[in-house]
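Novice: Sequence:
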Amino acid sequence: MLIIFDSNIKVIMIKKLLLTLSLITVTIIFAQKNNDQQSVAEASEKLRLAMISGDKAILESLILPELTYGHSGGHIDDAKEFVEKLVSKKSNFLSIENTNQSIQIVDKTAIVRNHLYAKTHDLGKEQGEVSLDILYVWQKTKSGWKLLARQAVKVEKKK
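Under the numbering used here, the first residue of the sequence shown carries the number 45, and numbering increases by one thereafter.
For lysine-lysine, the following DSSO-like pairs were computed, each having C-alpha atoms within a straight-line distance of at most 30 Å:
hint, residue 1, residue 2
1, 100, 169
2, 90, 133
3, 129, 184
4, 124, 90
5, 124, 169
6, 129, 169
7, 90, 198
8, 163, 190
9, 163, 100
10, 133, 163
11, 198, 134
12, 169, 133
13, 100, 152
14, 163, 129
15, 124, 163
16, 100, 124
17, 184, 152
18, 184, 100
19, 186, 129
20, 90, 190
No lab work stands behind these hints, which were simulated from the structure alone.
Could you build all of it, start to finish, from the sequences and the hints given here?
Specialist: Have a look at this one:
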């Protein structure tokens, strides 16, 4: 009977060990996802500020060379055109407010949606305002989260 008792203790100990390891794994995964969401939010804020300042180095550090940047009017910029327009003030944001932001992490991809309200003064144009819903696609790289795609749409008017 002593042998059976020892065997039962070993089984119970193994079950407790497996349960503990499972809990630790779940905790690590949850913490990593929260950390990724925070990192994406920080990258999004850096992008917002860089779009206002037109800082070429910061803009380039936040995007992938494969960037596709869709405007609400239908024009699509590549990475080079996106940066050039902001640096030259051809596309000039005086202010940008992002609200109602949501971040969803799927493996090494982040889907960010928000509402953008901005005051603009594009080169050669009058000052204006835009109110858009935006979809951003960020990709996790060795050097952090980088913008891969962005699409703006005009806000639907409520009836």
